[in-house]
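Going down the list, the sequences are from chains A and B. With the numbering used here, letter number 25 in the first sequence gets 91, and the count goes up by one each step, no holes. With the numbering used here, letter number 188 in the second sequence gets 254, and the count goes up by one each step, no holes.
Everything labelled a hint here was simulated from the structure, so no lab data went into it. For clarity, every value in this text was computed on a predicted model and none was experimentally measured. Treat the hints with care, as some may be off.
Copies of one chain are not kept apart here, so a pair can be met inside one copy or by any two copies together.
Straight line, CA to CA, 20 Å or less: simulated SDA-like cross-link-like pairs of lysine to any residue [said to hold, decoys possible]:
1) Lys196 - Asn159
2) Lys183 - Glu229
3) Lys142 - Asn120
4) Lys190 - Gly158
5) Lys221 - Met168
Protein chains: 2
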Amino acid sequence: MEDKEISQAVIGRLPRYFRYLGDLRDEGVERISSQELSELMKVTASQIRQDFNNFGGFGQQGYGYNVDFLYKEIGKILGLDQTHHFIIIGAGNLGQALGNYMNFERRGFIFSGMFDKNPDMIGKEVRGIKVQPMEAMEQFVRENDIDIAVLTIPKTGVVDVVEKLVANGIKAIWNFAHVDLNVPEGIQVENVHLSDSLMKLSYNFSRYMKEKERS
Amino acid sequence: MEDKEISQAVIGRLPRYFRYLGDLRDEGVERISSQELSELMKVTASQIRQDFNNFGGFGQQGYGYNVDFLYKEIGKILGLDQTHHFIIIGAGNLGQALGNYMNFERRGFIFSGMFDKNPDMIGKEVRGIKVQPMEAMEQFVRENDIDIAVLTIPKTGVVDVVEKLVANGIKAIWNFAHVDLNVPEGIQVENVHLSDSLMKLSYNFSRYMKEKERS
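The shape of chain A in the complex, shown without the other chains (with noise of 0.2 Å):
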């Protein structure tokens, strides 16, 4: 059923769909059409039925979607079905805000792990889990199954960083730091960059802010 590939414009869309199934689950709706999830969404009805088409359209058309079925599919395509362990590294403010998120969860992503390089952070605890020196971490993920690093380090650790991360068979990274990440084919990376999306908003603003002055 996966077979063909699906764009990143898709995939970066399920998470959307899965956060609202699961408020209207929460709710107690049990079916629900493409038109009213495109009205409460504020997607066209066809942009639905588009995307849900890619993963064999979920069925039920007629008389609307299961919430639930749909919920868990969209649940089982994200890999939401599986346990993750995850480490952070860097202990500051959002690496902490990060660990203390009981939502992930409840998503299947366990937080096994916490390293930093500052001698004060060592032995400090973020939700049961001590932080460790950076020099325990390589031999950690190679024992704990971790399959996920969290990065909210500066820059200019990143690389070393990334490196060891790859060497001891990280497979995915997660990546608050301001940089771009350089890694080999296989390993998945999803960045957040902060700044930008403050500069984003910040675009939009200006622009607003200035059509209105000429208006």
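Could you slot chain B onto chain A? The hints should help.
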């Protein structure tokens, strides 16, 4: 020069150009061709030229772009030549991380206030800014020329807070809450849905592992 509507895809790429040009500038590079920039950024040279043509092209294609000029021009387009005051709603780890991030200030974003509904947080200091109770937010926004609100609160509180922010003249919202916002026309919103980003990583990772198993 900026009269035509520019697609959000192009705008989304501007901060990345800005980041690379800033690094080149810091390294003392004076000129760069679209070909060199293309190799560095791993996008096609024609993509770069097309993107830049939205803003008049920045000239000098024959012997390359002037790095400092291009950096400053893109900065202006992004509105970074202006000063914006922002407040953070939600003084948890994520709010603190964003408040402590010095780079925002370098870009003209001035951290001006922080609010939380948890009485234990009131009076706590984040980079010299005292956390205030939520009740003080509306007056503060009105009286301190606040353009941008950063939302780092759980989704349950969002509707009420956004209503108050909009009523008191906020113009842009950087939203980290796990919910899409409903705002009037003219209010700019940029979402950072961290869970969505992690799920996208999970999808790409799961798919790769399944393909490897099959082959």
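Going through the hints against the structure:
Proximity of Lys196 and Asn159 under a CA criterion of 20 Å is satisfied in both settings, with 15 Å inside one chain copy and 17 Å between copies. For the identical chains of this complex, Lys183 and Glu229 are intra-copy neighbours only, at 16 Å inside a copy versus 42 Å across copies, given an alpha-carbon limit of 20 Å. Within a single copy, Lys142 and Asn120 get their C-alpha atoms as close as 14 Å, which meets the 20 Å cut-off; across copies the closest is 41 Å, which misses it. Within a single copy, Lys190 and Gly158 get their C-alpha atoms as close as 11 Å, and across copies as close as 17 Å, so both meet the 20 Å cut-off.
With identical chains, the CA atoms of Lys221 and Met168 are at most 20 Å apart between copies only, with a shortest distance of 14 Å across copies and 27 Å within one.
Violated hints for the displayed structure: none, as all numbered hints are satisfied.
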